[in-house]
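Peer 1: Chains as they are written, first to last, in numbering that gives the first Met the number 0: chain A, 0 to 564; chain B, 0 to 85.
Hints listed in this document are in silico derivations from the structure and should not be mistaken for laboratory results. One or more of the hints may lead you astray.
[To be verified] Some chain B residues flagged as far from chain A (calculated, every beta-carbon gap over 10 Å):
| no. | residue |
| --- | --- |
| 1 | E2 |
| 2 | R16 |
| 3 | A39 |
| 4 | L66 |
| 5 | K80 |
[Claimed, not checked] Here are the in silico distance ranges between beta carbons for each label pair:
| no. | chain 1 | residue 1 | chain 2 | residue 2 | range |
| --- | --- | --- | --- | --- | --- |
| 6 | A | W23 | B | K12 | 45 to 51 Å |
| 7 | A | L42 | B | L77 | 39 to 45 Å |
| 8 | A | S40 | B | L22 | 26 to 32 Å |
| 9 | A | Y470 | B | L77 | 19 to 25 Å |
Positions of the beta carbon are idealized from the N, C-alpha and C atoms, including for glycine.
Listed here are the chains, written in short residue letters.
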Amino acid sequence: MSVQVWTYLLVGITFTLYIGIAIWSRAGSTKEFYVAGGGVSPLANGMATAADWMSAASFISMAGIIAFAGYDGSVYLMGWTGGYVLLALLLAPYLRKFGKFTVPDFIGDRYYSNTARMVAVFCALIVSFTYVAGQMRGVGVVFSRFLQVDINTGVIIGMVIVLFYAVLGGMKGITYTQVAQYCVLIFAFMVPAIFISFQMTGNPVPQLGMGSTLNDGSGTFLMDRLNGLSTELGFAEYTDGTKSVIDVFAITLALMVGTAGLPHVIVRFFTVKRVKDARKSAGLALLLIAILYTTAPAVSVFAKINLIDTVSNKEYSLMPVWFKNWEETGLLSFDDKNKDGIIQYVADKDKNELTVDNDIMVLANPEIANLPAWVIALVAAGGLAAALSTAAGLLLVISASVSHDLIKKVFKPNISEKGELWAARGAATVAVVIAGYFGINPPGFVAAVVALAFGLAAASFFPAIVLGIFYKKMNKEGAIGGMVVGISLMLFYMAKFKLGWLGEIPDKSEWWFGISPEGFGTVAMIVNFIVALVINRFTPEPPENVQEIVENIRIPSGAGEAVDH
Amino acid sequence: MSEKQKKATAYWKENVRYLFILLAIWFAVSFGAGILFKDALNTIKIGGFKLGFWFAQQGSIYVFVILIFVYVRLMNKLDKKYGYNE
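So here's chain A without its partners, still in its complex pose (with noise of 0.2 Å):
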């Protein structure tokens, strides 16, 4: 059977298994529809909560990021694991034993404060809606190539099949969906893996694989090859990279930081059903994303070698079926500045005549080590469910804030619990439209903000629901006032020097401290956190009730289960 056929039919099997699953588990009251009902199983939960983490950057993108960046793309592999172990010992379990159903009702309860609240929910749709109208662009990317659609066909069919299962199922639905997309995305990206190492290295276990010597018979361990590969071509030593120590750390740890605050994973923590379950969970959670996590920088040095093995002066005419079908996506391309008919691949911009996206290195991997048809069907399977899981998750926390957040404990308190459920699915449906619009005409900048929202998240929430929990005493002058500090600095730093909003984009050394917009996250959060305790010590101590709040969430039993109020 053909590329085609195959993809055709896993396709459709998996998107069949969705909504099979959406219309078993739909939810019936707004509980199952913001927490799934609150007892889901730590290791449903985990399963769910990598597959909502895990986005069509992580498994489209990110092993090619690495495969261009080298050593600098660590601040990902780091970044965005090393957040679970800030959200297992700081976050979750006290969120849990709190009991409610969205990040902004923590907020604004801790707080005592609806304005509080606003703020988180105004926080809350900024990083949610700039994240998922990338999930959709990946969608789009992924059905033009696999299934010949074009990329708008593709995002409008994204976008039915995510609003069919999140505004029928809610919370219960896509929790158990995600389950099922945690197994496709898993097995896809390392059938590809499994076969490569093996192919290349004699090791079918990519991660150390990535460590052995070539399997040509002449002992270079790939790490030397690859090195000595970039150093001829005039790039950085593979594992060196280029960014500059405190760069690196900045991104690291504002991803770290971003990553425990990103309200469509803290969410999570509330659908199961006790506090240990949370702390169990989570780890859970990290185990399962760690194996792709681990994987794809071995998947990053196979793919980088075989790139420069086929394409580093050969022939242009002598290019595989695949050079050809990427060129016709523009996400490859060629450009024979010299004339001579041969592909140069160099450091050199004004040399360099081949142009490569870092989409393809996973997309076009199993085509360029010339693995089987069904393989390269299941990796398009795989970015489907990637996409669509982390899609879904994101609609959830944007339809929640308005139902819940703005609706019900803001405008009209008195809203039946039918009503609200309705309105839950009404603005799930919005978001879904303009996330599809975004995803269709993508405004230039929001490629660049995505990665800015781990930025946002880190600058408003992190610091605001840690004092809440670990300082008793934090009172609500002081939250609002580091969390408005705080994304607001954010904002004009990523419009200064990302987006050029405040006239030309600065030059790099103009950088405050020499960090970069997607670092200065972790500037802003100390800002935050600075601002928060100073304006703490000058204003009135929270009231006794409040305190006691905070005594209990530290105690793990009688945690019960999620209520309303």
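Given the coordinates of chain A, assemble chain B onto it according to the supplied hints.
Peer 2: Below, chain B without anything else, positioned relative to chain A:
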């Protein structure tokens, strides 16, 4: 302070002590071995891996996973000790 409050305070203190120890390790493997001391560690090679690079792209992640499971164990024991388990 009532007996119940004393118990809660003692529990919290032990919990915070665990957090300091575990987060120190978290910092050491990622920001320490993977970033700040990467160049020094890179002079050591294990198989095809330079050690600093290995920590940044592999080792730190393994340690993160272990840390959370150690934390789960420690806390389950602590909960039992103070009678907060359920």
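Peer 1: All hints, please: hold or fail.
Peer 2: Checked hints:
1. E2: 14 Å, holds
2. R16: Given a closest Cβ separation of 12 Å, the condition holds.
3. A39: 12 Å, holds
4. L66: 6 Å, violated
5. K80: 12 Å, holds
6. A:W23 with B:K12: 45 to 51 Å: 47 Å, holds
7. A:L42 with B:L77: 39 to 45 Å: Hint violated: Cβ distance 23 Å, outside 39 to 45 Å.
8. A:S40 with B:L22: 26 to 32 Å: 28 Å, holds
9. A:Y470 with B:L77: 19 to 25 Å: 21 Å, holds
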